[in-house]
Each structure stands twice: as C-alpha cells, then as structure tokens.
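Protein chains: 4
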Amino acid sequence: MRTFRLVIACPDGVGIVAKVSNFLASHNGWITEASHHSDDQSGWFFMRHEIRADSLPFGIEAFREAFAPIAEEFSMVWRITDTAQKKRVVLMASRESHCLADLLHRWHSDELDCEIACVISNHDDLRSMVEWHGIPYYHVPVDPKDKEPAFAEVSRLVKQHEAEVVVLARYMQILPPDLCKEYAGQVINIHHSFLPSFVGAKPYHQASLRGVKLIGATCHYVTEELDAGPIIEQDVVRVSHSDSIEDMVRFGRDVEKMVLARGLRYHLEDRVLVHGNKTVVF
Amino acid sequence: MRTFRLVIACPDGVGIVAKVSNFLASHNGWITEASHHSDDQSGWFFMRHEIRADSLPFGIEAFREAFAPIAEEFSMVWRITDTAQKKRVVLMASRESHCLADLLHRWHSDELDCEIACVISNHDDLRSMVEWHGIPYYHVPVDPKDKEPAFAEVSRLVKQHEAEVVVLARYMQILPPDLCKEYAGQVINIHHSFLPSFVGAKPYHQASLRGVKLIGATCHYVTEELDAGPIIEQDVVRVSHSDSIEDMVRFGRDVEKMVLARGLRYHLEDRVLVHGNKTVVF
Amino acid sequence: MRTFRLVIACPDGVGIVAKVSNFLASHNGWITEASHHSDDQSGWFFMRHEIRADSLPFGIEAFREAFAPIAEEFSMVWRITDTAQKKRVVLMASRESHCLADLLHRWHSDELDCEIACVISNHDDLRSMVEWHGIPYYHVPVDPKDKEPAFAEVSRLVKQHEAEVVVLARYMQILPPDLCKEYAGQVINIHHSFLPSFVGAKPYHQASLRGVKLIGATCHYVTEELDAGPIIEQDVVRVSHSDSIEDMVRFGRDVEKMVLARGLRYHLEDRVLVHGNKTVVF
Amino acid sequence: MRTFRLVIACPDGVGIVAKVSNFLASHNGWITEASHHSDDQSGWFFMRHEIRADSLPFGIEAFREAFAPIAEEFSMVWRITDTAQKKRVVLMASRESHCLADLLHRWHSDELDCEIACVISNHDDLRSMVEWHGIPYYHVPVDPKDKEPAFAEVSRLVKQHEAEVVVLARYMQILPPDLCKEYAGQVINIHHSFLPSFVGAKPYHQASLRGVKLIGATCHYVTEELDAGPIIEQDVVRVSHSDSIEDMVRFGRDVEKMVLARGLRYHLEDRVLVHGNKTVVF
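Chains V, L, G and Y, in that order, give the protein sequences.
So for the first sequence, UniProt numbering puts the first residue at 1; every next one is plus one.
So for the second sequence, UniProt numbering puts the first residue at 1; every next one is plus one.
So for the third sequence, UniProt numbering puts the first residue at 1; every next one is plus one.
So for the fourth sequence, UniProt numbering puts the first residue at 1; every next one is plus one.
Careful, some of the hints might be misleading.
List of simulated lysine-lysine pairs, DSS-like, C-alpha gap at most 27 Å [to be verified]:
1) G:Lys202 x L:Lys278
2) G:Lys278 x L:Lys202
3) V:Lys181 x V:Lys202
4) Y:Lys278 x V:Lys278
5) Y:Lys278 x V:Lys202
These aren't lab readings, by the way, just hints derived from the structure by calculation.
The structure presented is a predicted model; accordingly, all values stated were derived computationally and were not measured.
Please construct the entire structure, taking both the sequences and the accompanying hints into account.
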C-alpha cells in the first residue's frame, strides 16, 4: 500500500496536532499510523504520520505546497516522502561479510524497501557475493599514506549513484570530515560495542580486558567526532568468562547485523528524527 | 503534574483525530502525551491523550459533558480520568510474599500511583508485613468443600472498600464466574508461565518436564475461562538443564513480580484498552 | 586446534569423574573444556570433555578401545568425536530463504564447522542461491496426494550423501515417522513459535489471535510426535499491538534463524545430550 | 542439604582435575556440582566443586588438612566453605530503599542464604523498615567536610559485626581506600549504569544526554579506583526517546536490584573467583 510519510519537528505549543490533523482530515487523508512526542528538556515537539496516498486528492508536490503555510506558522522542520519512491542506498564494506550479506538478503527477499545502488569496498573480497545479487561492486583501495584519492573516488561514486543513504556495513575506514558534513544524517554506521563504551578500535578486546558480562552493538549516524553521532539503535548479548575474544567476535557479528538492519529499516521508513545529538525513533 | 487521561476506542474512519485534537485545541488543552492505533483486522481505532489539567478551563465533569457529542458522533467507547483521583486497589494474596512485597514497596516509595484499600488473603501469614505499611489485612480462609461463603465475604470486602482494581498477587484460588463477570477488566492476575503454555497448576513442573529453555510470566485480566483473559504484559527468563524446579521457581518469582508491577502500572495509568480478547497497551 | 570430544551419560555415582579424569591424565590429555551435570530427577550423570588431540599418544580408534572398559564399568552411553572429521549435513528447505541463507553464510564464512553435503527442497526457488555456494541442490516436489515417493527420494538422497545431520530449515513438510525414527537425534527442526505454545501450522496467526506480547522460536529434534521432540534452544522477541501479523512474521524470521543457527552449532560441537525428552546443552 | 564448596584457582596443567577428583572419590565424596574453566590468556585454571557434606568421612578442618598437599603441589589459591556456616553480611544504604528492601525481602523469605548482621546508613530514613526485619540499624552520618570519623565508625561496626561481606546497596558515599584494601574482594557495589559507560555520578543524566537506547546496572567488587573493580554481573533494560530521566531512574531501580541480588547470591554461593581485574562466575 502506497503511503506518504509526513515527518515534523517544531517548537512545542498548543494546537499543532489540531492544525495538522485538520489539514489531513479536510483532504480526507486516511492516517494509518500516527506518532507524537513532546520533549520536555528541549521544548520541541515531534510527529510522524503515515497517510494512504490513494485517500488524498493530490500528489506529493501539491501536498508540499498546500502544507507549507502550516509548516511556516509553527516553524516546522519537516519533510514528506512517498513510499513509491524508494530511497537509493550505497553500501560500504571491507572484508567482513556478515552485515553486508545480511542486508543483501533482506533486500533480495523484499524485506528492505530500498534500491541498493552499489557496493563500495576497500577490498575486492566480496565482489562475487554482491554481483550475484545483480548489484555493481566498486573496489576502491585506500592507501594508508594518502587516503584522499580514495575518498575523492568514494565521494564521486556516492554522487554518481545519487545516494540518499550511505551504510557503513563494517567499513573499517574513518570517513573524512567533509564527507561526514556533506551527508549529515544520511550516513549510518554500525559500531561493534555498546557506545559510549569502547569507542574506537578493537572494542571486543577492550570488553574482554574489562571483563564485561554483556557485549553490544550500536547503530548511529556518522558525525565528524568518531563514534559519537546520534544513536539509532542498540542491543546487547550476554557473555561469560568461558567466552574467548573469538567467541565475543562471533556473538558480536549477530548483534551487529541485527542492530544495523533494524537501524537502517527505521531510517528507510522515515522513523528517525534527529534533534541535537539525540534521536526520536517512532 | 495533574493530568486528565482521555481514552477512546471506536470504529476507524477519517476525521477522528482532527475532531478530538480540535476539541482539545479549542479549549487550549496542553497535550503531554498522545498515542494512536488503527487495528486493521477489527477496523477499530484506539487513542489515548494525556492533557495538563491546569491548561483546561474546566474540570472533569464539564469535560465529559462538552466531549459527549463528539463521542456520540463516532460511537466511541471512552473514558476520561483525573490523576488527582487515585484508583482504589485491593490486593489479594495467599502465602507467597514476593509479588505482594514488591507491590507494597513500590506503593510505599511512591512509584505506584494508587490507594491500596486493603489486602485480602486466604492465609494469615503476611499480616504483619501488610500492617507495617498501615494497610488493613483481612484473613478470609477458603473452605475447599464450600468456597461460596469465602467468596461472598471477598465480594463484600471488595465492595466495602470501593475497589476499582483487584490484583491477584499470587492468590492461589480461582475466582468464581460471577465475580469475574462483575469486575470484568478490573481484576488483574499474574500467571507463572508464558501463556498460553502451561495453563493451570504447577506450570514450572510442566515447564521442567517439557525441557523448555525459557520460563515466563503473564499478567492478564481475569475472565471466566481460566488463564485465558486478555494479556497485558509478559516476560521470560532463560533457564538451562542445570536449573532445578526450585531454581525455576526462584527465577520465576522475579519475572512474576516485574511483570505484575508493569502490568498494574499500565492499568493504573489508563494505558490498557481491551478489545475482544486482546489489549492495546499505549 | 584439533580436539577430541568425549561425551558421556550414565547412572550417577561416586568416582565417575575421578575415573575419567585419571584416564585422561594418565595419557597426558590436555583438557580444554569440561562440563558436568547431575540430574537429580533421573539420577543420571552427564559429562563432556574437549581434549587436545595432539596431547594424546593415540588416535580416536585407540582411544575408543582404551576407554571401553571404563565405559562398560559405569554403563555409559558415550561417544568420542574428532573435530578433524567434519559432520556431514543435509539442509532441507521450502520457499522461504531466511534460515537457509543464514546457515549457508555462516558455513561460507567458516563459522559453522561442518560439510554441507547438499540441499533438498520441495520447490526449485532457492537453487541459484545454493549453487552459488557450490552445493548440490535437489528439487524433490511433494505430491500432496501421495507423499511417499518424495520421501523415499529424500531418504535415498540423505543416505547417498551420508548425512549425519539433517536440518529442516523451514522445510514446510512433516517427515514420515519411519524417517524420524531412523534418524532419531539427528534431525533438527526450527519451529516458529515458543513451544509448547502454538504447535502446528500458522503459529503467528495463533499468537496474534491470542494477543501475546512475545513471540518465539524453538529449535528441537524431530520425533514422531509433531513439534514435541527434545528442545535444544529457544528465544523470543517482544511484539505489541502495533505489530501486524506481517510484522510478527518478519520479527519471527530473525529469531528463527538465530535460534536454528545456535541449536545447530551446539549439535555440531557435540554439546547436546538427549535424555528422555529433554536435553542437556553444555 | 549441607555441602562443602571447594574453590580453586591455579596455573593450568595436566592432571589437576584427576588429582582433585581422585582425592574426592577416595573419600567417597558425592559431587553435586562441578565447574571448570581454563583461561587461555592468563594460563590459569579455575574450578569449583560442591560436595555433599554427609558423604565425606570428615569435617571441614580435616578436609583442609588432607587437601593441603595437593593445593601446594599445584600452587593453588583455594578455599573450602561449609554451607552450614552462613556468611555474615553488612548492608549499607543511603536514602533510596529499593535495593535494600529487595535484599531484605529475599533474606526474609529464605532466598538469600546468609546472616544479615546489621544495616549501616548515612541517613536515618530506612530504620523502621530494617528494624521490622529484626535487624540492627546504625545511623552513621557523613560530614562532607570531614568524612574520616564516619568511616572510622563504619570500619568499627563492620569489624564488630564480623562481616565477611559488605554490600553497598545504593550507599551514595565513596569508601576510603584503606577500607577498600582491607576488604578487597568482600565489598560489593551496585553501580547504576552499564560500566564502563558513565562512571561516577548521575549516570542516568549522562545516559539521557548521550541518547542511549539501553540503560544498565553493574554489580562489581569495590576497589580503590572508582567503579573500576571486577564485574560480577550486569544487565540492561530498553529505553526510548519517550522515557524521561525519571522514567530511566525508575527502570534503573528494577535492573539495579535484580543485578545486585544476583551478584550477591553468586558471591554467597562461592561462585565468583577473582583473577586480576576479571571474574569467573561459575
């Protein structure tokens, strides 16, 4: 069923819901899902509506025009999206395949509603798996002494493929600040620990050294500060003294792929609203 | 902060949210929380609003009158409650203290927003603990050969104490059908298994015999059919071959008390809407 | 690191551990993992040792001979396996790919220590995915009016491929009793509910009707009685009123594949001991 | 059933299990539970046996003498305890009652196998609750300008009551280094976050600022370095944007009390072996 998704953030106040729901009702809009959140600390209000496209008398452009005055009145940060227009996703990976294979399978079996424009990797290992899915694979090696040319090429490919979302599916390179800025709120990473614990490299080794009883994974938007962007989703799995670092890595892979898949899904369904360094996930 | 809670269920259709939010906005109502749910299968719509009482120009009676026409227009099943009027709760227990002690502590430390009118038990074991909290304790023994007089007395006490909620906190007796009917949607039970598995007595023994790897607890409304009422909340805990039935019972106690406390809280906050044999828990 | 796995079940008594560990120590056996369990109810004792193969002065056949007198003395049901001899696995599937794809990926990335002899399916849908992994695919359609020829062919293939383990990775057919008997303790199924709830078909519909707040999956050995065999592993995921049956099916897929992968891993590592209708999982 | 618990840590090697189980078997010791762990990284071996006291021909002192030569041979760090001698526990609290009430209830209902010698608090709020349980309550206020006299008094009380375990059940003061040293491995704290995240004060505020999707609690041994001692147990609970800091605090209380109760139980049952800054929890 084709729907429009109306996603709004604005300073809180009386009458916002009334105004928006009046607007929708006056055009006979059939709301299939509605979510609201008032944030006490920031004084902001967030809402998301999912509306059957066939219940409305107009398309998305006309919707935008008609709604603009209300948006202006309440100083809304807002967007409306159409499920008929699948988001274009670029996946980035290195050598480890678990997250990539998981996302490709979900896409292949119609669970992930998006177009996968291409896969970019700094290694050539996963080419065959990707190409079996009929998806272009770009091998862009990163020279540790001069990373700039590689990231220029990455940037070019992302643009060429008109990506709206970039997913770092265990891409073991740190994106340069300008790319982070340009695609703020559009680059999703999976970090293999329960952030803010164990920022940076080898988190399972850190976790093992500290003797923790749970290990986790965190899906977050990439910002210029390493592993510090807004968190979309997290989960943990229980470990014990009997688990080696290799066991932790193995358990970790399962949490990583589940958390990344959920986080990406929320993003694709326009369920994630970023405000400051926090997210509202409807 | 004092709020009114407006809880609505009605056949789904266009314009319900608009009508309700218009009504609230026209009276300057400050919505602190709003939840909606459209149930595809039944074609019903459910909503719950929490509104700051001091933002409205009238009290709860005037609200009821003013809102009645809208309720009628959309054939709403609805209620409005005032957090200033704490619900009166009667707790029932037998010999085991874990659920009762947990609820009493939550109430004593102001976590559970209700009045505990009294505790009724078919045993006298827990009297001292209850009375330490300043709550009346009634010992109503149940004669297995003739249970009627006991339940008549229970019924009398529940009425006398003007109970709006009855909580079976490991009360090991089956309530008679007429009591179940009279207090439909108001009697909350904790069953010590993951329903619908292991209905009836000794569920941990049943679970152990079946060799399950998780045991659970289910908080549900009591209906005439044993352990088959609408489910409010459930949870599980992991067990293994190394756990004896005694271990399961011990783990179970923790799940039972947590699940019952959450279920009761949802009920007290008017978050649970029953429709048929299912619940919406906002 | 190559290890031998010594797995023992016998009536409990004094001196078993001493006898076994003496035997191992007298041959300089380096134990890397040891697990014990005394079952009070049945009076049986279970143990599993993992021993470095290179620490022993003999191979697995000589081990068997040397250990036999001890096994006889304590009436042991026992086996010893060699990690150098990978178990041969036959996977069976229907149309749904999530469990099969997950297992194939784990095998492909060296996480599952086994040989996948072939995949048998009653549909031809998943052939290309399987063959990309270099694994033979057999399409054995099942005629609903006469299933016998199909299961004869299945049986023949399983034998031809010398399968030690058969995994029903969402194979939507019920195996005939004789096959269940012949491969008792070797056929692993994933049931898409938290058994013993919702035995049989369409468990998510049953779960939705009952309004449960958690859905689960159960990995178990197949026996003649449907969905009643010894449970190896279970897990659940939280659902709410806002989840449709389609959502439940989607969440369910993730639990199913995780639970099956864990259960199969336990089996391949000789961690599962069946006693009566229950398992010890070391 | 009275048991002895034999707990051993020593450098790993061949023949340890054989020697220990021979010793037990030669004295006809009936082992009810046995656990082993080889730690690859440190090269240490850990084991714990639970033995029926009535199966042995001698008492704990004779056991100690008889076992000493084996302990010496393998350079064991070891202890043997007798379940007939309950450990003496001193509980410390401040104003918040949830952990204290939970532990007291578990003790009162015979779930926690220990003697609670007394409760020490820097506030007088919880006196009545404690005294209802028949346990002495000491109010030792801490002067923020000069904490020494208070901790001298605490130290004196702990000694006077011959405490073997000190539990900081939300005691909001930092113990002085000399006390931490003197009672190394005997002081158990509950920290209200998933350590190592959010060390120090107000972890829920820190968690809310960071926008995490899970909050946790950590039970650990107290060392001189704040919140950095060996971790015994951890758990988490899911939160979302809709949860205020007050909600997090409330959810947190439930995790805290569960994690502390589990951690303390493991300690009382001699299941926790500390090695370096990590624990083995059998």
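Consistency of the hints with the structure:
no., hint, in the structure
1, G:Lys202 x L:Lys278, "18 Å, holds"
2, G:Lys278 x L:Lys202, "18 Å, holds"
3, V:Lys181 x V:Lys202, "26 Å, holds"
4, Y:Lys278 x V:Lys278, "33 Å, violated"
5, Y:Lys278 x V:Lys202, "18 Å, holds"
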